[in-house]
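Using the sequences and the hints, build the whole thing.
Spelled out, the chains give:
Protein chains: 4
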Amino acid sequence: MSKVHVHRVEVCFGDCDPAGIVFFPNFSKWMDTASLAFFMACGIPPWRELVKTRGIIGTPLLEIHTKFIQAATYGETLEVHTSIESWAAKTFRQRHVIKRGDTLICEGTEVRAFCVRDADNPDRIRAIPVPDDIKALCT
Amino acid sequence: MSKVHVHRVEVCFGDCDPAGIVFFPNFSKWMDTASLAFFMACGIPPWRELVKTRGIIGTPLLEIHTKFIQAATYGETLEVHTSIESWAAKTFRQRHVIKRGDTLICEGTEVRAFCVRDADNPDRIRAIPVPDDIKALCT
Amino acid sequence: MSKVHVHRVEVCFGDCDPAGIVFFPNFSKWMDTASLAFFMACGIPPWRELVKTRGIIGTPLLEIHTKFIQAATYGETLEVHTSIESWAAKTFRQRHVIKRGDTLICEGTEVRAFCVRDADNPDRIRAIPVPDDIKALCT
Amino acid sequence: MSKVHVHRVEVCFGDCDPAGIVFFPNFSKWMDTASLAFFMACGIPPWRELVKTRGIIGTPLLEIHTKFIQAATYGETLEVHTSIESWAAKTFRQRHVIKRGDTLICEGTEVRAFCVRDADNPDRIRAIPVPDDIKALCT
Chain Z
1 MSKVHVHRVE VCFGDCDPAG IVFFPNFSKW MDTASLAFFM ACGIPPWREL VKTRGIIGTP
61 LLEIHTKFIQ AATYGETLEV HTSIESWAAK TFRQRHVIKR GDTLICEGTE VRAFCVRDAD
121 NPDRIRAIPV PDDIKALCT
Chain V
1 MSKVHVHRVE VCFGDCDPAG IVFFPNFSKW MDTASLAFFM ACGIPPWREL VKTRGIIGTP
61 LLEIHTKFIQ AATYGETLEV HTSIESWAAK TFRQRHVIKR GDTLICEGTE VRAFCVRDAD
121 NPDRIRAIPV PDDIKALCT
Chain A
1 MSKVHVHRVE VCFGDCDPAG IVFFPNFSKW MDTASLAFFM ACGIPPWREL VKTRGIIGTP
61 LLEIHTKFIQ AATYGETLEV HTSIESWAAK TFRQRHVIKR GDTLICEGTE VRAFCVRDAD
121 NPDRIRAIPV PDDIKALCT
Chain R
1 MSKVHVHRVE VCFGDCDPAG IVFFPNFSKW MDTASLAFFM ACGIPPWREL VKTRGIIGTP
61 LLEIHTKFIQ AATYGETLEV HTSIESWAAK TFRQRHVIKR GDTLICEGTE VRAFCVRDAD
121 NPDRIRAIPV PDDIKALCT
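Chains as they are written, first to last, in the UniProt record's numbering: chain Z, 1 to 139; chain V, 1 to 139; chain A, 1 to 139; chain R, 1 to 139.
In case anyone wonders, no lab produced these hints; they're calculated from the structure. Any given hint could be a false lead.
Think about it this way: if two alpha-carbon atoms lie no more than 27 Å apart in a straight line, the pair counts; the simulated BS3-like pairs of lysine-lysine are [stated by the list, open to error]: (1) R:Lys3 to R:Lys99; (2) R:Lys135 to A:Lys67; (3) A:Lys135 to R:Lys67; (4) V:Lys99 to Z:Lys67; (5) R:Lys99 to A:Lys67; (6) R:Lys90 to A:Lys99; (7) Z:Lys3 to V:Lys67; (8) Z:Lys67 to Z:Lys3; (9) R:Lys90 to A:Lys90; (10) R:Lys67 to A:Lys99; (11) R:Lys90 to R:Lys52; (12) V:Lys90 to Z:Lys67; (13) Z:Lys90 to Z:Lys67; (14) R:Lys67 to A:Lys90; (15) Z:Lys90 to V:Lys52; (16) A:Lys67 to R:Lys67; (17) V:Lys67 to Z:Lys99; (18) A:Lys135 to A:Lys3; (19) R:Lys90 to A:Lys67; (20) V:Lys3 to Z:Lys67; (21) R:Lys90 to R:Lys135; (22) R:Lys90 to R:Lys67; (23) Z:Lys135 to V:Lys67; (24) V:Lys67 to V:Lys99; (25) V:Lys52 to A:Lys135; (26) Z:Lys67 to V:Lys67; (27) V:Lys99 to Z:Lys90.
If you want the footprint, here are the derived chain R segments under chain A, 3+ residues with CB under 8 Å [to be verified]: (28) 7-16; (29) 43-57; (30) 80-90.
Computed, partial: chain A to chain Z, Cβ under 8 Å [claimed, not checked]: (31) Cys12; (32) Phe13; (33) Gly14; (34) Gly20; (35) Asp32; (36) Thr33; (37) Leu36; (38) Ala71; (39) Thr73; (40) Tyr74.
It should be emphasised that the depicted structure is a prediction, and the values quoted were computed from it without experimental measurement. Glycine included, every Cβ here is placed at the ideal spot set by N, Cα and C.
Structure, rendered in structure tokens:
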């Protein structure tokens with residue numbers, strides 16, 4: 001079982017497009033924020049700390065899949081409900097459900113991996129096995 | 001057969017995150033830009049014109065699915081190769097392949113619908129059948 | 001005397017750049033959000049309501065002036081303290097002071113005008129005299 | 001005398017707000033991109049190279065001042081004309097004029113400093129004297 005974390009978002013004027021609704025990549029941005037908020041709520045330090053102690057720069061995305069059900073606009077408050085759907089050896093699937101009150105706005109999954117800089121070429125990053133202690137904190 | 005349009009993107013410093021790589025929602029933004037560039041290259045006016053003549057406010061997203069293969073960073077030029085994979089009655093699936101030279105950076109599909117404002121409630125938008133003339137221009 | 005409104009911002013990973021600090025245009029975005037939050041806290045409806053009742057599309061910017069004193073990063077909470085410094089016939093100067101606890105992060109002023117669409121050319125917008133009732137609500 | 005560099009920007013749908021015009025912080029983003037493009041056009045490597053060879057992480061902003069003259073919208077191409085207005089011991093003032101054809105859209109100045117990470121506390125950054133060789137390349 002995964003923990004579930006709820007992250008609140010206040011939609012801003014500048015998050016919306018000429019159609020007056022949230023420009024959809026912002027939903028991905030909010031899911032990313034909710035992803036880190038989930039880990040921090042589980043007791044894991046922010047990446048800028050973890051990069052110093054363990055070399056982990058974050059959890060870059062391998063894949064995203066999002067369905068948009070209802071539009072949202074500025075002045076509204078949304079809730080992102082975040083959990084971890086499944087763990088693999090080197091990746092995990094995080095799930096985000098975004099609601100406005102009881103209305104489902106959008107939902108999606110992200111496949112992510114804990115990554116470090118390559119020792120031979122610091123411009124490259126590579127996935128590491130999911131750390132057991134981090135996994136334990138999230139479940 | 002769909003036409004294919006190539007949209008160039010120069011990655012900016014501000015598009016990148018503390019890991020030094022493109023913050024992934026920007027790929028969605030560039031695919032959105034490439035989507036409109038595709039339609040305009042096919043001879044369809046920008047949405048701000050189409051809303052006046054036909055009420056069409058754009059092609060909001062119903063679903064996105066993206067795979068991230070390689071990281072990219074600022075100072076690099078990317079190409080988004082855009083086509084339409086399939087048409088349904090009220091939706092269509094657009095495909096975007098983002099490359100840096102011959103290197104595949106990411107690829108994804110979007111399900112979109114041509115939308116108008118609801119006559120009874122202009123705050124709501126709804127999908128209309130894909131206009132035949134627009135479809136003809138894209139194929 | 002102007003009212004003062006405090007708007008809270010949680011800095012996100014995606015708000016930061018490869019130097020690991022807030023990408024500065026985001027401070028402008030937060031000031032813009034704080035500007036609207038100020039008006040709404042004073043009892044003025046959001047622009048999407050006001051455009052229907054009075055044609056006012058918002059308060060576009062004529063000028064901004066911002067000083068950046070300290071860097072901020074993700075995981076931090078900032079407070080934007082917003083007030084109106086002065087009113088002119090068709091413009092007003094809004095002031096924003098952004099703090100992290102007692103630390104001053106940045107501060108700036110914006111010159112804005114209440115704008116409507118031009119009756120003869122809806123693609124153009126033009127400033128109107130500051131509405132007295134709105135001014136009264138803010139002071 | 002400063003060199004002048006011209007950086008082109010294609011305005012995207014997602015750069016525009018519910019009023020249908022460019023959301024103003026994007027002008028700051030484009031000026032930032034034009035700032036780096038100016039230095040690279042003068043023969044200076046991107047910051048991710050310079051940080052390795054000389055510790056310089058970039059040119060963070062101390063102050064910005066921008067005037068917005070005309071609105072712009074998506075589908076338009078803008079030109080950012082960038083030069084260096086003046087040099088001080090540890091700072092410089094960069095000037096950006098943004099045009100659409102012959103129409104002035106906005107113009108502004110930025111005060112920036114070349115910065116390195118503090119040796120004692122890598123979370124802090126500090127300004128260094130403007131490097132003579134970089135100054136020479138820009139004039």
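Hints and how they fare:
no. : hint                : in the structure
1   : R:Lys3 to R:Lys99   : 18 Å, holds
2   : R:Lys135 to A:Lys67 : 24 Å, holds
3   : A:Lys135 to R:Lys67 : 24 Å, holds
4   : V:Lys99 to Z:Lys67  : 25 Å, holds
5   : R:Lys99 to A:Lys67  : 25 Å, holds
6   : R:Lys90 to A:Lys99  : 25 Å, holds
7   : Z:Lys3 to V:Lys67   : 26 Å, holds
8   : Z:Lys67 to Z:Lys3   : 22 Å, holds
9   : R:Lys90 to A:Lys90  : 39 Å, violated
10  : R:Lys67 to A:Lys99  : 25 Å, holds
11  : R:Lys90 to R:Lys52  : 21 Å, holds
12  : V:Lys90 to Z:Lys67  : 16 Å, holds
13  : Z:Lys90 to Z:Lys67  : 25 Å, holds
14  : R:Lys67 to A:Lys90  : 16 Å, holds
15  : Z:Lys90 to V:Lys52  : 51 Å, violated
16  : A:Lys67 to R:Lys67  : 15 Å, holds
17  : V:Lys67 to Z:Lys99  : 25 Å, holds
18  : A:Lys135 to A:Lys3  : 11 Å, holds
19  : R:Lys90 to A:Lys67  : 16 Å, holds
20  : V:Lys3 to Z:Lys67   : 26 Å, holds
21  : R:Lys90 to R:Lys135 : 11 Å, holds
22  : R:Lys90 to R:Lys67  : 25 Å, holds
23  : Z:Lys135 to V:Lys67 : 24 Å, holds
24  : V:Lys67 to V:Lys99  : 13 Å, holds
25  : V:Lys52 to A:Lys135 : 34 Å, violated
26  : Z:Lys67 to V:Lys67  : 15 Å, holds
27  : V:Lys99 to Z:Lys90  : 25 Å, holds
28  : 7-16                : violated (count 0)
29  : 43-57               : holds (count 3)
30  : 80-90               : violated (count 0)
31  : Cys12               : 4 Å, holds
32  : Phe13               : 6 Å, holds
33  : Gly14               : 5 Å, holds
34  : Gly20               : 6 Å, holds
35  : Asp32               : 6 Å, holds
36  : Thr33               : 4 Å, holds
37  : Leu36               : 6 Å, holds
38  : Ala71               : 12 Å, violated
39  : Thr73               : 7 Å, holds
40  : Tyr74               : 7 Å, holds
In terms of the numbered hints stated before, the structure departs from hints 9, 15, 25, 28, 30, 38, listed from lowest to highest.
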